[in-house]
Amino acid sequence: MATLELYSKGANVWVPDPDAVWVSAQLLQDYRSGEKHLLLQLSNGNEVHYPVGSPSDLPPLGNPDILEGENDLTALSFLHEPAVLHNLRVRFLDYSSIYTYCGIVLVAINPYDQLPIYGEEVIDAYSGQDMADMEPHIFSVAEEAYRTMIREEKNQSIIISGESGSGKTVSAKFTMRYFAVVGGAAQQTSVEERVLASNPIMESIGNAKTTRNDNSSRFGKYIEIGFGRKGDIIGANMRTYLLEKSRVVFQASTERNYHIFYQLCASRELPEMRSLKLDAPENFRYTNQGGEMQIPGTDDLSDLERTRNAFTILGVQPDQQMELFRILSAVLHLGNVNIQASGRSSDRGYIDAEDRSLAVFSKLLGVEGSQMAHWLCHRRFAVGGEMLVKPMTGQQAVEARDALAKHIYGQLFAWTVQRLNSALRAQQGRTKSFVGVLDIYGFETFERNSFEQFCINYANEKLQQQFNRHVFHLEQEEYVREELAWSRIEFSDNQQCIDLIEGQLGMFDLLDEECRMPKGSDESWVRKLYDQHLNSKPHPHFRKPRMSNSAFIVLHFADTVQYECDGFLDKNRDTVFEELINILKASQSELVAELFQQQRNASPVANGSIRSGKRATREHKLTVGFQFRQSLQMLMETLNSTTPHYVRCIKPNDLKEPFLFDPKRTVQQLRACGVLETIRISAAGYPSRWTYEEFFSRYRILLRGPQSQDQAQASCRRALPQLIPDPDQYCFGKTKVFFRAGQVALLERLRAERLRVAAVIIQSQVRGWLARIRYTRILWATLTIQRYSRGALARRLALILRYTRAALVIQKTYRMMVVRQLFFMIRHATVTIQAFTRGMLERRRYRLLVAERAAVLLQATVRGWLARQAYRRVRAAVVFMQCCIRRKAARRQLLKLKSEARSVERYRELNKGMEVKLMQLQLKADQEARESAALRETLMAEREASSTELAALRATIQKLESQLQEKPPPGPVISEKEAEERRRAEEKAAQEILQLKEELQALQKERDSFCKERDDLSASLLEQEEKQEECVHQAVSQVTSALRAEVDEERRKYQGLLREFTRLEQRYDNLREMSLLTERTKGHRRTDSTQSLEPLSPSTPLSPQSLTPLSISPFPSAVPSPEEVRRISVTSPSAEKRVSMWSSEASMEQLMEKMDVAKDPSVKMKGEDLAHAYDAVRVANKFLESQLRNQCSQWEKELETLRSQLAQAVSVSSSAAQRQDIQELLEARERECVRLRRELKELRNTVSLRRLLTQVFPSALATETSSPAQSKPAAVTGLLECRKRDETKLIKNLVTDIRVDSALSLAPGLPASVLFLCVRQADCSGDQARARSLCSAAVTAMKAALKKHVSDIDMAALWLKNICLFHDLLTQHSPKQTLDSDTLVPLSADMNDLIRTLSDLSIQAYQQLLSITETRLQNIIVPALLESETIQGLSGSAVKLAVSRKRAGSDPRTVGGEAPTMASVLRELGALHTALTQQALPKTLMEQAFHQLTYLICASAFNSLLLRKDMCSWSRGLQIRYNVSVLEEWLRGRGLQAGGAVATLEPLIQAVQLLQVGKKTEADAQGIVRTCSALSSQQIVKILTLYTPHSDLDERVTLNFIRSVQGLLKGRSNSQPSQLLMDVRRVFPVIFLYSPPPVLSAEQLVIPDSLKISFLRKA
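Just so you know, we're using my numbering here: the sequence shown kicks off at 51 and counts up by one.
Read the hints as simulated data drawn from the structure, not as lab findings. Keep in mind it's a predicted model, so treat the numbers as computed, not measured. No residue lacks a Cβ here, since even glycine has one placed at the ideal position from N, Cα and C. Hints are supplied without guarantee of correctness; some may be wrong.
Stated by the list, open to error - Calculated cross-link-like contacts (lysine-lysine; reagent style DSS-like; alpha-carbon spacing at most 30 Å):
#, residue 1, residue 2
1, K594, K635
2, K271, K413
3, K1559, K1397
4, K271, K706
5, K635, K223
6, K587, K512
7, K512, K204
8, K482, K413
9, K714, K621
10, K1334, K862
11, K1103, K1339
12, K621, K1103
13, K271, K587
14, K635, K512
15, K271, K621
16, K1559, K1660
As the list claims (entries may be wrong) - Have a look at the derived ranges for each label pair, beta carbon to beta carbon:
#, residue 1, residue 2, range
17, R1582, R750, 45 to 55 Å
18, Q421, P590, 51 to 61 Å
19, E1056, K1660, 47 to 57 Å
20, S74, T348, 35 to 45 Å
21, S325, D402, 22 to 32 Å
22, V1350, T1621, 28 to 38 Å
23, D69, Q1084, 17 to 27 Å
24, D69, E1645, 47 to 57 Å
25, A636, S325, 43 to 53 Å
26, E322, W465, 52 to 62 Å
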């Protein structure tokens, strides 16, 4: 109990609650001793008074917020039930973490959802890691068991327990999958695959849907996975316990029978299943009782297919599978057998002879239907030595039928398990150790509990006792026995409950005794229980229900359960009549007979017994209860002999809803499974212990001074204070030494370091001795081989000289004879030809003289007519051509006018409203202008009138003045009136002028406003055009990026297939070598001395199918390739002479059929006509070729023009009409391109026809032999000539047997250059078949050399360079590339398939190069990048070293160096960079290679960071950031950042930045969301959750801050990856950019003498 001072104002406490079990509250005032109430404020704001009778009644204190979400419950400050419950709820709901450590127990909460935390990348991350360093996971427990087994050589057990539906079966499956991956073998049908294949089989026949679980295991199983000395799986064995056979014949509401029955019914329409006569599950009594035919989210048909595949993997043949399915189908039909009642009182049961279900059942099992019908309704008794047959009632017959069905299913289940064990049995050797996985039924309590629940709960009592004794009882007993200072902790032991069930006169004993009674019944057995355990000796764990006399109550460890006694005796007996078994033994089916013939020899543990007429055969050991106790006892003995690892599965709710937490159900299971007691003892105990002898035996190399086995204890007591300075971390007992957590790992690290130093010394001495011995042997062998080789070469030279002399004599005589015969034949043919020719000429001359006179007259007439006809044709052609040209120009002008008209109309349509408004404004402005002009004119008129009037008035005044001067003034009245009128006129004129000025100003303002409005409208139009243009650019960029992504994905898939093909090819080679070795072991055969061991002779060309299985062209040629004809003529010259004219004509007819040429005219052609036809075709060919080139160039120019127009159109206006016109133009040009391609194809067919005519009439080419096209190959110089007999030696010296040092000293690409020049020379000499053969042999040799140096990075880079160069050279000289080149002469041989092969081979070489580097980097990435302390003293001792984390015997690091650092990583990367640079490989290829490697480095380090709590701290983040910066600087220093190598490190950089930034305020949360753009929401939350301070100056991230970050992350776009870990196996596709190499010449090459290819001659 905490001190009273902690109960102060503001402290958090936990108070009980009827709904939430525990709720959080806050103290509103300090607690003083003696107070009877606490004033609390609940989380909902209500204030309550909590009663406190004494200080022991104070509510439990709450942990600070900083400890919320701890991954180990033992790390909590206050360890009690509410703290555990709250921590599990926070991790489950807020962090989505279903696993939590509780000391040595892993608590697993079923999420009822698919989580992405079980992939292969997660297995790789947990493999070899320490359990304390990683996040809680089922893989961590499996790794701990595996590592402990390897290190301590002791068997292990993983005990997975929990209620039904809590996820035990899934946890067991993932555990076995982990073992299968980390302990996998190399065979195709390896044991680990069979272990995984056993899961679907056992789930089908042993799992069913219950009210609490859709896939509940209705049996218990214990799988022992056996491992060999190297830690690989070599076998497995399965033991099963208490199959629930009653489910075969009865299911409760909303439950189902076993899955296999529904799977068979779902597949009834399959052809092979129709003979089973199955129907829908609703029509079978054994499958329709629960009312649930389908489980949501499952497919029974696909599940059956998975089950059948698993049977196949385990070696069960298809016929045996069908036998098994027939038996299961027969069980379903047996349930539909109709048993009717007859007799006076209906006391006799019978089966109709025409019963269809019985007939199908009998047919499927191969038994007699009449016998089965008889003995299902009758039973035989032995009375006084005489056998009597008595009919049974209808109810008894039904019970007998159900008993037979259960017995058949039980026997089939046992046979299946036996077959699985025989398939999983170790084949490679004796199992050294094993890891057992126990998946057994959890504690069950239903509304009605029967015999099955009683046995299940009894098994859970035994397992709970084993857990109690291991975790609690044995722990404290060990400390007391060793006399350690230890306070004994009380715990609840369930031994009394176990004694009640299995003790003397216990429930099982009384049940077996009642079963032996002739008239025993369930009621009498219950009365005996009442008398024994309630009346005579009351037992504390046994009670009687108040309202029932046929039930009893047992107080189990987990809960109180009431059992109904109905059916206990029958289920315990589990009997079936012997007559029915005898019928099945006589079955025609081999499997059925085997099932029941083996029953006599079955072990006593087998389920069920046979009931016959003799009462003596009913033995006590055959009861189900006795069998179950025996098997359970064997299981407990096995578990006690192993090191257990516990997984407690928790069911969070009964609704099977994902991530729904029910505190009542959870706390009930926590109390039952003993998690709280585990917390108490794990926090204060010593989990690791060694006897002094064991400690001395293992760690004696760490002890100093005199060492003796007799003084082991004294030595340990002296040495431990020096090894472990803190005395609280260990404790000495009487016979053992005890350690706290983590100290054994420290000792292991010290031991490994000492062993490493010793191993270095031993290795140096042994390696030196072995090197000297090997040098001596090699020297002796070399001298011997040289002596024998020189003798053989001398003898071979003498023999060759003799053969050469004889060959010269034979050749001279033979050639003379051939030339003489040829001379005589030519002379005789010449004389004959001259005689016939002279006669023909004379006769022709006579005929010409006779016809000459008439011919002259005819010629004159015909020539005139022909000249006139030719003139008319030429004139018509010229007119037609002019029409075409003018029509084309008119069409082009029409298209241009249409496009312009459409663009203007579109612009007017878009701006129709604006134009109307502008026109209105313009009209209004014009109207105002006109009014202003009118006003001005009026004003001018008024001014003129006033000025005229004024002038008149002045004239009048002057006149009056003159008159006044002349006459006396008449009076003053007239002058005043005139003055007044004049003044009024002037005022009126001034007012009108002022009014006109004001109106003019108003009109000016209105005009300015109109101009401003017009400018605004123009600006808005421009803005809209810019937006539309931007939208077009964005759409184009999006489509472009999508196409690029699609191309990259296709390239990645193709390269993945190529990698898989390479792997399969290597596998095939390995299997072939193994088969050869197997054949050699059968009997030694002498190898012929003339047999070549070289890879492939150049005279045997490779087929394209063997070279490029993934690159087959999808366009088969309609015309036979000329290479085939040429190959036939070269390989078989004698056959060419025997080719008849008929075969040539037949091939020509076939060609003409392909070209749609009529056959009749061609058949009538004679030799002379064909010659003229050939000339015509040749001329037409040249004309068409020139025309085609002109059209292609014209089309390209027009295409460029259209592209420029398109760019201008997009930049000027985004009008839809213009885009449509441009699109139509592009489609028209594409159709033109298709037409040109079609003409090109026809032209190629014409060329093929010409070649065929060339073969038929070789004399027709006499006129073309001097043409430039035919004389072009003869002009090629600077080649290398290799004789045919030297080709094998060339391949051998240049590729196959070249030494590493010689190869690395060559100029980059020299072998490829030499080989290409030789191939080029053979092709130019006209021997295309030999050129192709030499090229194929070179490709095969390069491929073999690549496989030979599978781990040499320098040689892999060398052959990558040569393969790429060879590929580029062949591509450069292909006809396609040399079409537009006048300097390069194309190859005559068809090398397209070899070019594709080289392309694939270059990808394989690139992948092999990366694989070598990745293998070297794999084991040093995490230690170098995460664990190495480059900045010394920053992390202190808070972080463990990597050496103590690795599994013993599985660390692949080389001995002799320190822990890996960044220098090790840079050294490996530098080796790759040096190899690529020395071979002068392209910069783009280097960038792609380092982009792939940096992704591997980032993914491996990032995944380990997300799963290791000790790495998530500020100091460690600073170390990692510095290490990453070193890698970045290295990449930038070599100019590799352009290919994305540095950008790939961004997730790791942002992760370590997240460790360094502040994590308290809202501004910090916003900065994190803004900065960590390359991290997903799950990854950010995971890092914040794992953040662990390593000093007192730092603090953990609070839950409120994490929730704030989660809220901000929800508004972020979902472009980040959704998975938690990065895919380490991701491969980026490589792109080899084609760059034409410089023209090669033999004079440019410097060939060293070490290659021994001086036999090549320059040509």
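Okay, the hints, checked on the actual structure:
Between K594 and K635 the CA atoms are separated by roughly 46 Å; this puts the pair beyond 30 Å, and the hint is violated. At roughly 34 Å between alpha-carbon atoms, K271 and K413 are farther apart than 30 Å, so this suggested pair is violated. Straight-line distance between C-alpha atoms of K1559 and K1397 comes to about 42 Å, which puts the hinted pair past the 30 Å bound. At roughly 24 Å between alpha-carbon atoms, K271 and K706 fall within 30 Å of each other, so this suggested pair holds.
Taking the CA atoms of K635 and K223, the gap is near 37 Å; set against the 30 Å cutoff, the hint is violated. Only pairs whose Cα atoms come within 30 Å are accepted, and K587 paired with K512 is accepted, the gap being roughly 23 Å. With a CA separation close to 23 Å, the supplied pair K512 and K204 stays within the 30 Å bound. A threshold of 30 Å between alpha carbons decides the hint, and for K482 with K413 the separation of about 48 Å lies outside it, so the pair is violated.
Of the supplied pair hints, the one linking K714 and K621 is violated, its CA atoms being roughly 34 Å apart against a limit of 30 Å. The suggested pairing of K1334 with K862 holds, with an alpha-carbon distance near 23 Å, which does not exceed 30 Å. In summary, the hint linking K1103 to K1339 is not supported, as the alpha carbons are separated by about 39 Å, beyond the 30 Å threshold. Between K621 and K1103 the alpha-carbon distance is near 58 Å, which puts this suggested pair outside the 30 Å criterion.
The straight-line distance between the Cα atoms of K271 and K587 is roughly 36 Å, outside the 30 Å bound, and the hint therefore fails. Of the pairs offered as hints, the one joining K635 and K512 is violated, with about 38 Å between alpha carbons and a cut-off of 30 Å exceeded. A hinted pair counts as satisfied when its Cα atoms are at most 30 Å apart, and K271 with K621 qualifies at roughly 21 Å. Under the criterion of a C-alpha separation no larger than 30 Å, the hint pairing K1559 with K1660 is consistent with the structure, at around 25 Å.
A hinted range of 45 to 55 Å for the beta carbons of R1582 and R750 is consistent with their spacing of about 51 Å. Checked against the given bound of 51 to 61 Å, the beta carbons of Q421 and P590, roughly 54 Å apart, stay inside it. Distance hint check for E1056 and K1660: the Cβ-Cβ separation is about 55 Å, which falls inside the suggested range of 47 to 57 Å. Under the hint 35 to 45 Å, the C-beta atoms of S74 and T348, about 41 Å apart, fit the expected range.
Checked against the hint of 22 to 32 Å, the C-beta distance between S325 and D402 comes to roughly 23 Å, which is consistent with it. Between V1350 and T1621 the CB atoms are about 49 Å apart, so this pair departs from the stated range of 28 to 38 Å. At about 55 Å, the CB distance of D69 to Q1084 disagrees with the hint of 17 to 27 Å. Separation of D69 from E1645 is about 34 Å and departs from the stated range, judged on CB atoms against 47 to 57 Å.
Evaluation of the 43 to 53 Å hint for A636 and S325 yields a failure: the beta carbon distance comes to about 22 Å. The hinted range of 52 to 62 Å is not satisfied by E322 and W465, whose Cβ atoms lie roughly 21 Å apart.
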